[in-house]
Amino acid sequence: MDLVDFLFFVEVLVGGLLSGIMYSLVALGLVLIFKASSIFNFAQGALVLFGALTFVLLTEVTGDFWMWTGWLAIGLAGVSAVMLFLHHYKTAGTAVKQFSDKYLPRVPLFVAALVLLVLALFVDGGQNMWRAVFVTMLLFLMLTTGVQSPKWAVGVLLGLAVVALITDGAVTYRAFAVTLVVVIGLAIAIERIVLRPMVNQEPIILFMATIGLNYVIEGVAQGVWDADVHALDIGIPDIPFEVGGLYLSQFDLYAGLIAAILVTALAIFFQKTRVGRALRAVADDHQAALSVGIPLKNIWAVVWAAAGIVALVAGLMWGSKLGVQFSIALLAFKALPVIIIGGFTSIPGAIIGGLIVGATEKLFEVFVGLPYFGGGTENWTPYMLGMFFLMFRPQGLFGEKIIERV
Amino acid sequence: MFYREVGQYKSSYPADQAIFPLTNDRIGVIIILLIAFIWPPLSGSQYLMGPILTQLLVFGLAALGLNLLTGYAGQVSLGTGGFMAVGAFGCYNLVLRLPEIPLVIDFILAGLMAAAVGVIFGIPSLRIKGFYLAVATLASQFFLLWIFDHVGWFTNYDPAGVASAPTQTLFGSLAHEGGPLDFLAPIDVIVSGPNATPEAKYILTLSVVVVLALLAKNLVRGMTGRAWMAIRDFDIAAEIIGIRPLKTKLLAFAISSFYCGVAGALYVFTYVGNADTEAFDLIRSFTILFMIIIGGLGSIMGSFLGAAFIVLLPPFLNIVASNLGEGTLSGAALANLELIVYGGTIVFFLAVEPLGFARMWQIIKEKLRQWPFPY
Amino acid sequence: METGASQAHETERVREFKELILEVDGVFVSFGGVKALQDVGFSVYEGEIFSIIGPNGAGKTSMLNVISGFYKASAGTIKFEGVDRTSASPERVARMGFARTFQNIALFKGMSTLDNIMTGRIVKVKSNFLSEALYYPARDQEVAQREFVEGIIDFLEIQSIRKTPVGKLPYGLQKRVELGRALAMEPKILLLDEPMAGMNLEEKEDMARFVLDVNDEFGTTVVLIEHDMGVVMDISDHVVVLDHGERIAYGVPDEVRTNKDVIRAYLGEH
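Chains as they are written, first to last, in this note's numbering: chain A, 1 to 406; chain B, 1 to 375; chain C, 1 to 270.
Next comes chain A alone, as it looks inside the complex:
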């Protein structure tokens, strides 16, 4: 092999490794959820798509969307505030007090739903109105089901109203802030509404439920926003640059950097904080964790929120590389073999697995697939690789050994 060939090989290898980082970004979210709740979340890809689509459309959206969002947020905050007031107002009639005790988080939802129905009947707000409804309702759902604090609900909704109605200069930041909260809201709502009622089901049933969820999220994402291809520019240049005769993608290097930051942040979060310690306890044994007083439900909410954030980051990276489109959700499936290779419970495993998958699929495609089979092998090499890993090392590279007992 002469130098040119060798350099080409290295170039392909490094390119593969770097693009593998992109899979790792998605895989991280999967590992988080699996660690905390033993759910193999097939819908992570849909979350990634949802995040990217939400962000790109919030930057593009024109017209009265923000006006609707702002006023709806104010309305919901107002109803919540009234409920809170009734709740704390000692001289209020017992009936009112009992009623608000029981339905505090839910009543504003009912009221809001009623208001929206009236709006829909008498005001032709168009699609922007429905998008605004979706954004505010998702936020509210998260705050009342996941966080379960009406005070927070009032605060955040008022915050949203301010963001929506006043800050129209900083388009990107406004969109990012709202997207972040919306994605976290969706993740928490999924956990709370869909998966928690199924908590004692078999893992395979939960897995199939997340396939269904995948469809729902894809449908909602494309229904509320749209199904077109959107260009997304998050300001990272994508110009190849040369290092010692090698041409490397600058964008991929940034992706690697972001993955490194994300992993470090997660590592610090899980090793150094109280919530992190609690999460590790939960990952070890749900019941034992519960019995020493770890609030399982809050931990789950935190983990899903974290998975939502990771999905958003992955979505932004993928979106700016390929354009925001439906195929992102399909590409994200490659995160499944990644965590099979790395191990279901290992954060470093997700990174290493991504590197292995990225390098293998690129090398195979360039040196075997294209010259001999007409290309397209990237479609299946990760899955084949995952299958072989499963045959010989079912727990993955960094997973815990699976012991069966009678």
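Check each hint, because a few of them may be wrong.
[Said to hold, decoys possible] Derived lysine to any residue pairs resembling SDA-like cross-links, with alpha carbons at most 20 Å apart:
no.: 1; chain 1: C; residue 1: Lys-168; chain 2: B; residue 2: Arg-359
no.: 2; chain 1: C; residue 1: Lys-163; chain 2: B; residue 2: Phe-20
no.: 3; chain 1: B; residue 1: Lys-129; chain 2: A; residue 2: Pro-394
[Stated by the list, open to error] Computed from the model, here is a short list of chain B residues facing chain C with C-beta under 7 Å:
no.: 4; residue: Tyr-13
no.: 5; residue: Pro-14
no.: 6; residue: Leu-219
no.: 7; residue: Gly-222
no.: 8; residue: Met-223
no.: 9; residue: Thr-224
no.: 10; residue: Met-229
no.: 11; residue: Ala-230
no.: 12; residue: Asp-233
no.: 13; residue: Phe-234
no.: 14; residue: Glu-239
no.: 15; residue: Ile-240
no.: 16; residue: Ile-241
no.: 17; residue: Gly-242
no.: 18; residue: Arg-244
no.: 19; residue: Met-301
Because the hints were derived from the structure by calculation, they are not lab data. Cβ coordinates follow ideal geometry from the N, Cα and C atoms, glycine included.
Mind docking chains B and C on chain A? Use the hints.
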């Protein structure tokens, strides 16, 4: 009250072990079959026979295949589309290259090809289970479709990669005038290709599906079915009572893939008339998995109920949309609504009634039996 | 090693046995660093009731798992009818004529009582999926197996729950169905892992009666793990006592009852 089994005593084991031990059920099934065979051809409606009933039967058969593997043997597969594609392109090549063979034999051979491929991709199930296996079966899905996309021979080098069903008669060219089996010529009919009547295609599909469904029912109520369910319910205990995991699981993969393969062949020859790999993509695999979840895991009838739900939902939504008035629901909105309804139904059934429509049907029968009393 | 004949007093059920059916010799099992079994050996005579007892964590279930092929012994041999079968797989062990029940019931929850017991017949029939799919000639075989299984259902007095899904049955009945499934295999050796655990006195008596009847009527050798000393001493022909993975006593019930090591293992160091 309406549905009583009182007074129906069995005095022999064969009678007690019949598929439908109750006279009421037997009569019901016979009536349904009679209607299925007679009414659609009489009605002459192409829409009813083709896009509705034939589609339902073809996907019902694929769902039945997957249900044998997932619902009975407990091995979740996301590679159904790949196995259907093996049957579809296998059958296409058989008819193209060996037109002498009767089409029904082609279906069986295509099913056997799919079975062989299924066994190969079933090998990982010996080491892994649950969603680990599900992810491994994704490999078969993507790999098989890639092969059919990249090896032109399979589609007879069609530039668009589309396999179009050639004209073929029920008994093949051997039964044509002058052939060795020409005594069959008077009863031979064209059952595939542009010249086949919708009636012929529908009746052929229905017959194949009814026969295969009956065979499947026999399998699952016999020792094979018990071995599958034992592996599904408690694999370690199954092994300790002497069930061979290797043989049992691979047999499940083989038979399941056989059914999916035949369904794929029917898809090309009697339903659509042509197919490219997109007809058997990952979405198809998911859809068929959804059919068995909604219809009922571990139920033959459930496979068809689930298929009916999935097949009939889009036309139903269309009717709803057109009744709401033009323009209220665009095509894209309808497509998204379908996704949401499919996914939502899946989650609902898994959370509330994991055994699907089939279990609900049982509950209804129970209620009918007791009506008007609560118990 | 003696056959219980010399210790005739008190115990009514002292019987003579001639043929060894199962010989366990010097078996070691360990998981990682934990030594579950160390140099355990004993012999079981054909047609006897043999008990393995010991405190919690003594390695009793591990011993049964080694015998049924689920765990692999790192050293030692297991002979069945004089032939070495130490490393046979569970499925082969079952086909040799071993059946077992589990400490935590291992029934097939999605199937009826009848179907659960029918699964026990799988080792005894030559099944052919084509014949089953056509229901011919499989039908005759189904009927024949059904007749055999109905015999077991009668024997265990569970006729009324024949078609009930086993998941819905109470604990005691589930244990009985599990015994039925093991009996359907027509085993030469029946391995019972705590068949009476968690039962009340009446259920225990029933179960003891079934075990004795199986032993008497079919001549099946029974190896059982049990915590209830009364039951063990009453029905066993020989007993082996394990503690911390080691054999501390072995012999007829009366010998074991008075053994100092056994008393110490159960009551602690005094």
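Here is how each hint holds up against the structure:
Between the alpha carbons of C/Lys-168 and B/Arg-359 the distance comes to roughly 16 Å, so the proposed pair stays at or under 20 Å and holds. Straight-line distance between C-alpha atoms of C/Lys-163 and B/Phe-20 comes to about 15 Å, which keeps the hinted pair within the 20 Å bound. A hinted pair counts as satisfied when its Cα atoms are at most 20 Å apart, and B/Lys-129 with A/Pro-394 qualifies at roughly 10 Å. Nearest Cβ of chain C to the Cβ of B/Tyr-13: about 5 Å, under the 7 Å cut. The hint holds.
Taken as an interface hint, B/Pro-14 checks out: its beta carbon lies about 6 Å from the nearest beta carbon of chain C, inside 7 Å. For the restraint placing B/Leu-219 at the interface with chain C, the shortest Cβ-Cβ distance is roughly 5 Å, inside the 7 Å limit, so the hint holds. Given the 7 Å rule on beta carbons, the hint for B/Gly-222 holds: about 4 Å separates it from the nearest Cβ of chain C. Evaluation of the B/Met-223 hint against chain C yields a held restraint, the C-beta minimum of about 4 Å falling below 7 Å.
At about 5 Å, the closest approach between the beta carbon of B/Thr-224 and any beta carbon in chain C falls short of 7 Å, and the interface hint on this residue holds. Interface hint status for B/Met-229: upheld, as the beta-carbon distance to the closest one in chain C is roughly 5 Å, under 7 Å. Hint status for B/Ala-230: holds, given a least beta-carbon distance of 5 Å to chain C, under 7 Å. For B/Asp-233, the shortest C-beta to C-beta distance to chain C is roughly 4 Å, which falls under 7 Å, so the interface hint holds.
A hinted interface residue such as B/Phe-234 counts as satisfied when its beta carbon comes closer than 7 Å to some beta carbon of chain C; here the least separation is about 5 Å, so the hint holds. Checking B/Glu-239 against chain C by beta carbon gives a least distance of about 5 Å; that is within 7 Å, so the hint holds. Hint on B/Ile-240 holds. Least Cβ distance to chain C is approximately 5 Å, under the 7 Å limit. This hint holds: B/Ile-241 has a C-beta 6 Å from the nearest C-beta of chain C, less than the 7 Å allowed.
Checking B/Gly-242 against chain C by beta carbon gives a least distance of about 3 Å; that is within 7 Å, so the hint holds. Here the hint on B/Arg-244 is kept, as its CB sits about 5 Å from the closest CB of chain C, short of 7 Å. The interface hint given for B/Met-301 is broken, as the beta carbon of that residue sits about 16 Å from the closest beta carbon of chain C, more than 7 Å.
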